[in-house]
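Student: Sequence:
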Amino acid sequence: MAGRLALRLLDTTAVRLSLRPSTASLDIKRRAWGSATRPAAAGSVRTEADLPHVSFPTLLYRLIVKGYYNQVHELQLYEKQLYGPMFKVSNGKFHTISLCNVELLEELMRKDEKFPCRSDMTLWTEYRDMKDLGYGPFTQEGEKWHKLRAVLNKRMLHPRDSVKYEAVVNDVITDFIKRIYHLRETSSTGDLVSDLSEELHRFSLEGIACILFETRIGCLEKEIPAETQDFINSITQMLTSSVLVLLFPKWTQNYLPFWRHYIDGWDGIFSFAHKLIDKKMEDIQKRLDADQEVEGGYLSYLLSKTNMSQRDVYGSVTELLLAGVDATSSSITWALYLLARNPQAQDSLYQEVSSIVKEDRIPSTADVSRMSYLKAVIKETLRVYPAVPLNGRVMTESDIIIGGHFFPKKTAFAIYHYAISQDETVFPEPRSFKPERWLRDGQERPNPFGSIPFGFGVRGCVGKRIAELELQLILARIISKFEVKLDPSVGDVKAVMRFVLVADRPLSFRFLERKRAECVTGLNTNH
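Note that the UniProt record's numbering numbers the sequence shown so that position 414 is 414, with each residue one more than the last.
Only pairs whose alpha carbons sit at most 27 Å apart, straight line, appear in this in silico DSS-like list of lysine-lysine:
1. K154 x K305
2. K409 x K111
3. K144 x K131
4. K279 x K164
5. K114 x K154
6. K485 x K358
7. K409 x K147
8. K154 x K279
No lab work stands behind these hints, which were simulated from the structure alone.
Assemble the whole structure, with the sequences as input and the hints as a guide.
Tutor: Quick look at the structure:
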């Protein structure tokens with residue numbers, strides 16, 4: 001089991017080699033690769049033994065010796081160039097089939113099972129079993145997962161549901177804008193915000209906590225409450241320790257400190273979530289005792305309108321909380337980075353926002369629904385820098401044929417989203433930031449499977465609508481108030497893999513106030 005988990009982790013944390021194959025050798029390989037995506041003729045179905053093969057020692061060499069263990073996205077491009085659109089990565093009897101091609105991805109997704117299995121989550125489930133905690137939407141599988149998602153999807157996944165959280169999100173954005181003004185004023189230049197990604201991480205945590213727990217936790221205050229800071233530290237500790245836990249055999253857990261740090265991190269996360277959930281349960285009980293109607297947001301719905309056990313609520317809300325922070329904050333950071341690097345795109349976005357939102361109003365969901373260029377900016381950002389550049393599927397119920405190759409059930413597939421989103425046959429000039437790719441202007445739009453940052457089908461991200469709402473509202477507000485420029489001191493930025501794609505250095509931006517921007521003292525007048 002440890003070997004399989006290590007293989008999956010290494011698949012997601014592998015890197016680009018500096019060594020490149022010669023053009024001649026690549027031409028030969030490309031001729032051989034063509035058959036990997038062509039439909040097989042009758043009676044000519046191939047097997048995984050016919051695929052190019054990457055051994056585990058080769059993968060370890062690239063990770064450890066070459067030292068690119070934190071650039072999974074670049075390794076995807078290298079491996080696709082070297083091995084073609086589909087190949088096998090193995091570690092003894094455990095292996096994964098890697099898919100780097102939009103047609104193969106679409107074929108796999110179209111054959112998805114009733115209860116799709118994303119990947120092995122033993123690392124997370126092991127802690128929950130040890131502490132007798134319930135599973136959430138990321139750790140539960142099979143029919144139990146399906147029933148859980150049916151409950152969680154309500155009040156969360158339908159477009160009309162996200163409108164319910166507009167006021168909550170805008171309140172948090174208002175406080176974030178106040179913080180931007182404060183940071184600008186206290187900077188040496190009067191317009192600089194240093195390490196914006198850290199600020200956006202705090203914003204994202206405050207936003208998702210406010211939606212899930214129906215309370216503010218103080219992430220945007222000048223002094224973060226001690227309990228909230230402990231919670232933030234616990235998330236960081238769990239994520240950083242989990243990498244080391246995966247890389248070492250299970251028998252080392254009693255001898256090395258990584259496992260204890262990992263457990264302590266989860267303890268802090270669940271302790272914080274339990275306290276907020278218990279507080280809401282007490283509030284609901286008081287209302288019931290007083291014969292009052294129980295109304296409220298997402299947590300109130302789960303606790304009072306469903307049959308979910310307290311154990312399952314703990315597990316589900318905690319997992320939703322974790323999923324709603326890093327991916328959202330990194331996506332907003334990359335969007336602002338790309339807009340700063342592409343002033344014409346930023347100006348086009350400003351013109352759209354200012355034409356729809358007049359008189360310094362706070363943008364609403366109705367407003368952003370009319371902003372086609374804003375939506376295109378977000379889609380293009382998630383293509384260039386997908387928050388989760390690799391995902392997986394395990395076909396648990398039946399055998400399957402993909403790309404003319406037969407695979408028995410329980411075969412694990414690794415989906416190389418980054419390599420697919422950088423395919424020049426799907427996205428011409430893939431390294432360029434071109435939001436217009438996604439506009440409905442009469443031109444043919446890209447294959448929708450070329451970029452699916454929130455997944456596909458019933459296993460798609462349960463928080464997709466909330467994430468889109470946050471991205472749309474905060475970008476519209478920031479661009480309406482500020483011209484955003486990257487500080488020259490930042491230098492050459494590269495993406496690195498730390499569970500999500502993040503910048504390899506702190507990103508500092510200059511926020512130049514636009515003439516139409518309202519003064520900070522009036523930020524709350526329309527809410």
